[in-house]
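One line per chain: the protein sequences are A and B, in this order.
The numbering used here puts the first residue of the first sequence at 1, with every later residue one more than the last.
The numbering used here puts the first residue of the second sequence at 1001, with every later residue one more than the last.
Calculated directly from the structure, the hints in this document are not laboratory data.
Owing to the predicted nature of the structure, the values given are computational and were not obtained by experimental measurement.
Note that CB positions come from ideal geometry on N, CA and C, so glycine has one too.
There may be inaccurate statements among the hints.
[Unchecked claim] With the Cβ distance kept under 8 angstroms, some of the chain B side facing chain A (calculated, not the full set): (1) Gln1016; (2) Phe1018; (3) Ser1019; (4) Glu1020; (5) Arg1021; (6) Gly1022; (7) Glu1095; (8) Pro1272; (9) His1275; (10) Gly1280; (11) Gly1286; (12) Gly1290; (13) Pro1292; (14) Arg1297; (15) Asp1302.
2 protein chains.
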Amino acid sequence: MRPMGAAGRVWAHVGQPFSERGYGAVVLGAGRMGAACAFFLRRLAPELRLLLVERGGLPNEEGATVLAPGVWTALNVSPERRAEAAWTRAQTEREFGDVSWQARPLLELLTREAAGAVPTPSLLPRFPELAHLVDPEALPFAQVDEGAATYRPGAVALACGQRAVRAGADLLLNTHAHLTPGGVRLDRLTVTNTHEVVTHESREVLAGVVIVAMGADGPPGAEHGLGLHTGHGRAYRQAPRLNTPSGEATPVLRVDGLTLRPQHGGFTLIPPIHHRDPHGYTPIGGRLTGVPVGIRRETLEDLVERMGVLPPLGTEALEVGRSLADIPGAWLALPDGDPTAPPRHEEVAPGLHLLLGGPHADTLGLAVAYDLAAKVAGVEERPWEG
Amino acid sequence: MRPMGAAGRVWAHVGQPFSERGYGAVVLGAGRMGAACAFFLRRLAPELRLLLVERGGLPNEEGATVLAPGVWTALNVSPERRAEAAWTRAQTEREFGDVSWQARPLLELLTREAAGAVPTPSLLPRFPELAHLVDPEALPFAQVDEGAATYRPGAVALACGQRAVRAGADLLLNTHAHLTPGGVRLDRLTVTNTHEVVTHESREVLAGVVIVAMGADGPPGAEHGLGLHTGHGRAYRQAPRLNTPSGEATPVLRVDGLTLRPQHGGFTLIPPIHHRDPHGYTPIGGRLTGVPVGIRRETLEDLVERMGVLPPLGTEALEVGRSLADIPGAWLALPDGDPTAPPRHEEVAPGLHLLLGGPHADTLGLAVAYDLAAKVAGVEERPWEG
């Protein structure tokens, strides 16, 4: 036994022998949801021996966390979840060091008047970039979320993972986890000198609680490992780049579900998710007037549809790539197969919890990770209540 | 020139030399939509030299026509399309010989009361099969379409193709067509003695009008051939079998979008289409409690969801197969990517028409094929009007 208050151990590669046989809780996946849940578990249940397992490094670089838009906005949050959203905002801004937090309004541009909307031309003096981005005659109204902000979800995941370890969580990297009845099988991965990723050794570890936070891979992992069925879905989302100038004061724009997120001096485009992708789908690039490009066809169509109201989409400022690998993309979990569903957790078998971020993790993810940690710890209070 | 009134020629295999260089109109695809359009074109524009091209035999055996549910119903037809639906019904019943026409009511079973609905138990004396199929407490109400009928769309396509040829259309089978500016390139296919399908010869044919009636392959064909972009989609639909007895008097049932179509002494299940499948999707089977089955996952979920209200779905009466090949399935065109859209035609370039059947071709397909033929022929009148 280690002394209370000591940092956890980290196994980064197979040269470090791992011989643990059991934990109170194991969290699978060190993306934003898993790393945050591990961090909150150390705070709320310090007596629980905790292992965080990640297939790659910290934070996970292949899932939705690193490619998440990093846009916090209260637009589209239902009234009963607003306290959680506000808590997630405050935590993200203040508690995890430098996460590139940047308060900036989000403008939802509309084709017709709506409650609380202002005329788009009235925003031009404040946001001069709008003149080059938007046709104000086609989008004459705008709803403004003054409390919106952008940040880096990957930085949140990294900070949560590091703090969890500092607070005593063990961390096992480069390890592929499979669910078994009562625990997990851990395949520690290594790379051969022919660059093949292979399993170096497998360990069975028992755990009273297993939290599956593997993003879009979580529900299939639970299903294949334990023969369960879940109603969750997934979608492959690409985030193409639009090279039109942006700065610190540039707002986030949203047009009919398409988000333009100022980033690296231009914009990252976050397309809408209309529905899940079918089981077995492998993303491929589309064609633009016959020429192969790296953006999947469904996303291309969404961009082409909006060219009229967002003229830069019809120019070379849009990076379309030549193959799928040119356009960053990641699989996203869709809780209940529903692109509008907030993040959630679900106990799919006794002691086995699925933790899903999905499209709205930027706004609500931390609160849902906290909620699961508190539930596992037997803590009734939630910091956003009362 | 052949004499007016003579039958057209048929090229079934590459041993029959094909040396035509031009037609007034070429119809690509001898499924239900293409064959019907060719037939109506011969009636409405007998002076137009016409070629019907099919990749396989007559009728097409790989597309949606042969697997179509063959259910005519006025439920869900919008008021402005009802005359076309009635005309399609009358034509199908009377004009194409034996198409296995069977008038039988369609019962849409509901969880709650709706306009015109009757209590499900009141239907039990008339439809005793219901007692074994449905939980009347879970589905206490039903809307009845007394005018519904079942038939074989493949038989309609065959009759239309044969009559088109008898009325003078030429027919080229086993030929893969590609669009070219001003016409088509025709790759005549043959099978080698190692069972490989290869192109025996290619012919360029000029045509004033080209009608692309290749089902789900139509829009991609037009796009690849001519660099166009269309907003149409497609979906892969499987029709699993439910081996629960049915007879001539058994009604068609519909439960939350799932249709149970009495056929061959049991039922063919026609699952709902929720949305299009993404570009590049290759269908694969799913898993039922961990075991691979031939039904795609999305359809499995639809069936599992309805097991409570349709108890036979939870028994061995449902054929789930062991791989995709065990469960009949076909790609369906979705006009405008919308599963609720009626059949339609669209002139995507001068003289180039897309003709799409889609999920509602059973009820409206013939009228839309007629409408396109009349448009090409310059005929103003429609038989279902005034």
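Quick rundown of the hints versus the structure:
1. Gln1016: Since chain A brings no Cβ nearer than about 34 angstroms to B/Gln1016, farther than 8 angstroms, the hint is violated.
2. Phe1018: violated (29 angstroms)
3. Ser1019: violated (31 angstroms)
4. Glu1020: violated (28 angstroms)
5. Arg1021: violated (27 angstroms)
6. Gly1022: violated (26 angstroms)
7. Glu1095: violated (38 angstroms)
8. Pro1272: violated (13 angstroms)
9. His1275: Holds - the Cβ of B/His1275 comes within 8 angstroms of chain A, reaching about 4 angstroms at its closest.
10. Gly1280: holds (4 angstroms)
11. Gly1286: Holds: closest Cβ of chain A sits about 6 angstroms from B/Gly1286, inside 8 angstroms.
12. Gly1290: holds (4 angstroms)
13. Pro1292: violated (11 angstroms)
14. Arg1297: B/Arg1297 check passes; min Cβ-Cβ to chain A is 4 angstroms, inside 8 angstroms.
15. Asp1302: violated (11 angstroms)
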